[in-house]
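S.K.: One-letter residues, chain by chain:
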Amino acid sequence: MIDTQLDAGYENVLRMIRYVGEHMLRPAGLAADRRGTPIPVDDPMFLEWNQTGLSFGAVGMGKNSQGEGVTRINRSAILAAEEMAYWDQGACMSLPGPGLGGPPIRILGTESQKQRFLIDPFEDKTKPAWGAYATTEAAAGSDVARIQTTAVEDGDHYIINGNKMFITNGGRASWVVVFATVDPSAGRAGQRAFVVEKGTPGFTVGRIEKKMGLTASETATLFFENCRVPKENVLGAGQDKSGFKAAMATFDITRPMVAVMAVGIGRCAWNRAAEIAREAFGAQPTSPIEQAMLQRLAHARQRLDAARLLCWRAAWKMDHKQPNTIEASMAKVYAPPAALNATKVAMDVCGLAGVRNDTLVEKCFRDVKVFDIFEGTGEVQRIVLARRLFGYPRTH
Amino acid sequence: MIDFTITEEEQLLADTARRFGDEHLRGPERDHEKAQAYPPALHKLFGEMGLAGLNRPDAGMDATHRQAVWGALAEADPSAAFAMDPIGPGGALIEGLPAGIGAICHQEKIVIEDGKATGHLGWVPRSQLDWLVLVGAAGLFLIEAPPHTVLDQRTCGLHACGGVEVHLNQSPVQTIGDATQAQAVLDECRLIAATVMVGAARDAHNAAAQYAQERVAFGKPIAHHQGLAFQLADAATDLQAAQLLVEASAGSSTLVANAHAYADEVAHRVCERSVQALGGHGYLYDHRVEKRMRDVRAVAALYGGSILSEHHAATGILDLIDPLELS
Chain F
148 MIDTQLDAGY ENVLRMIRYV GEHMLRPAGL AADRRGTPIP VDDPMFLEWN QTGLSFGAVG
208 MGKNSQGEGV TRINRSAILA AEEMAYWDQG ACMSLPGPGL GGPPIRILGT ESQKQRFLID
268 PFEDKTKPAW GAYATTEAAA GSDVARIQTT AVEDGDHYII NGNKMFITNG GRASWVVVFA
328 TVDPSAGRAG QRAFVVEKGT PGFTVGRIEK KMGLTASETA TLFFENCRVP KENVLGAGQD
388 KSGFKAAMAT FDITRPMVAV MAVGIGRCAW NRAAEIAREA FGAQPTSPIE QAMLQRLAHA
448 RQRLDAARLL CWRAAWKMDH KQPNTIEASM AKVYAPPAAL NATKVAMDVC GLAGVRNDTL
508 VEKCFRDVKV FDIFEGTGEV QRIVLARRLF GYPRTH
Chain G
-2 MIDFTITEEE QLLADTARRF GDEHLRGPER DHEKAQAYPP ALHKLFGEMG LAGLNRPDAG
58 MDATHRQAVW GALAEADPSA AFAMDPIGPG GALIEGLPAG IGAICHQEKI VIEDGKATGH
118 LGWVPRSQLD WLVLVGAAGL FLIEAPPHTV LDQRTCGLHA CGGVEVHLNQ SPVQTIGDAT
178 QAQAVLDECR LIAATVMVGA ARDAHNAAAQ YAQERVAFGK PIAHHQGLAF QLADAATDLQ
238 AAQLLVEASA GSSTLVANAH AYADEVAHRV CERSVQALGG HGYLYDHRVE KRMRDVRAVA
298 ALYGGSILSE HHAATGILDL IDPLELS
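Residue numbers (the working numbering), protein chains in the order written: chain F, 148 to 543; chain G, -2 to 324.
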């Protein structure tokens, strides 16, 4: 029997996030959207965030805790992720912390590397710091095996050459986990992860992208030109492929998280539309148009509720140490279109005013589309599912 | 507590029902369909496996137990979920029902005035009716020995249930429940119908997925062509979404109505795509997918149908409280 009641522990997580969301994330996200540029590095919000003592790594990304019994951490994280996205996902992604660069260091890094990259840069709470994760290239998105960035061994260094694209917080990060190939003919097996620190000669930040939504979050292009990275910055050195596989397994954690963020944005738009409908005609519609609006809202809600349950189930399985690759991909393939539909319906309910840039639902509509693209597109999720369920081949 | 654990009891009941379905329903499914009935020996066997009387109030089962059984049974033959029990869905919530074979139906357009009912039900999935309970907005109404005739034509699906039409002309009714009880019964009926539709569609999907991995076209299994592979992946996802939505909806009539409407939408789409996956073979009686597609349409018409569910969901949608909205 499914139990979807939230106990006091979960409610406390939500209350904490709600306060941060209402007072910090929503105002900062709206301001950035109207300005058209990411939240600046010196925005006081980042200091305030640091003072809360919260860490996005803890509340936002979940954990694949090994060797423990049943935990609640992924369920808590998934609730927090939805609630933060409800208030503003762009602002949430801009928050200081290791970001997506955290999991590979946690999984593949040595104790010394964890100290240098996950602890030291973030100790001084008066100086916000960021980490970043760089895999995607202009010609290699979903097909990670095609990345062209190379790493050539040179004494006690590697020399990295290539470009990376769509890198969240890439322009402000103290370090970036960069995936490059040491053997282009070996595909994924030839790839290694390097931590490239800010200021390393040959590492430069290109343009900050202008995007349809999630404006508060910085998305950068990075260039590596004969960039010499010391060998002590290689992650998983000396490990076999299982280390890399473990890093890839973080998708089983992150995909339901990303999916539920879309649900949060969809819920934000849906709630606003429901509020407008209540003000306009209450629960008793008198015209066929009002009845049609309620039916659209009911349809949208149906899919949002189902999407959330798929995400929760994937997190619940992870908490129970059960394989969840299929559930994670199902959540990721289902939730973003469901959320996009909710934002579209919300705009429809708002009518002409819903199109204006200063309405929340319009911003939600632009923000949510990318969730069907990043962290593995919907098409990639379908390939994952088809491989797991129907023997779809790995190569054609 | 966010928890998706299946209890031992639920698993045991589902496994038992699935075993019964696999051993006794799948093979002769077309024979039962043709006969428009299950043989008495099968009913007896169903009882011997401890599954009879599930829809009785004193069966000691809760709604999740009933869903586990009827959902699993629907995979092997959706008709069985309605015909193997003399009371039918909804009965577990009504005390003091008469003996014999009965049915619980939505009131539809039947007019009840001064203790008399007048109107017509075009199809009830039973071969005989000793009693009938109408579920209406005002309450629950019992009609004993309702006038009915065996249908002189076949229906779209659920043939093994048989089929009668009911003609009421000033037929005496007893009020056996108020509006609140009627809503609870309607919720239970919708949940079981939704569970059956999802179970039937899951079976159609499994058949299509198996076929698609065996059937070769243009040098490889058709499941390895992306056009079909993606459709199959979407079907698996939609079925899981519908299943979770149905299971999580108990306790809120608006959520139940919304889940029922969604289960119909998903089950129909998955069944239709399953027939399509088999190509011309899918259209033949040789394969079960065409039957699942027809059966789901018939189930969807019960208990007021999914349009009424959509209407009820829309009516209550603005009053729903999201689980993440804290007090």
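Mixed in with the good hints, there may be bad ones.
Okay, the calculated bits of chain F under chain G, using three or more residues with CB under 8 Å as the criterion [as the list claims (entries may be wrong)]:
#1 154 to 166
#2 219 to 229
#3 295 to 302
#4 359 to 370
#5 421 to 429
#6 476 to 485
#7 510 to 517
These aren't lab readings, by the way, just hints derived from the structure by calculation. All values reported here derive from a predicted model rather than from experimental measurement. Each residue gets a CB set at the ideal place from its N, CA and C atoms; glycine is no exception.
S.K.: Determine for every hint whether it applies to the structure shown.
M.R.: How the hints compare with the structure:
Coverage of a stretch by a chain is defined here by at least three residues with a beta carbon nearer than 8 Å to that chain's beta carbons; for the segment 154 to 166 of chain F and chain G the count is 6, and the condition holds. Three residues within the 8 Å Cβ limit are the bar, and the segment 219 to 229 of chain F against chain G gives 3, so the coverage statement holds. With 0 residues bearing a CB less than 8 Å from a CB of chain G, the segment 295 to 302 of chain F misses the requirement of three and the coverage assertion fails. Residues of the segment 359 to 370 of chain F with a Cβ under 8 Å from some Cβ of chain G number 0, which does not satisfy the need for three, so the listed coverage is violated.
Coverage of the segment 421 to 429 of chain F by chain G holds [criterion: at least 3 residues with CB-CB distance below 8 Å; count 4]. With 3 residues having a beta carbon nearer than 8 Å to a beta carbon of chain G, the segment 476 to 485 of chain F meets the requirement of three or more and the stated coverage holds. By the rule of at least three residues with a Cβ nearer than 8 Å to a Cβ of chain G, the coverage given for the segment 510 to 517 of chain F is violated, with 0 such residues.
Figure legend: structure checked against the earlier numbered hints; hints not met, in rising order: 3, 4, 7.
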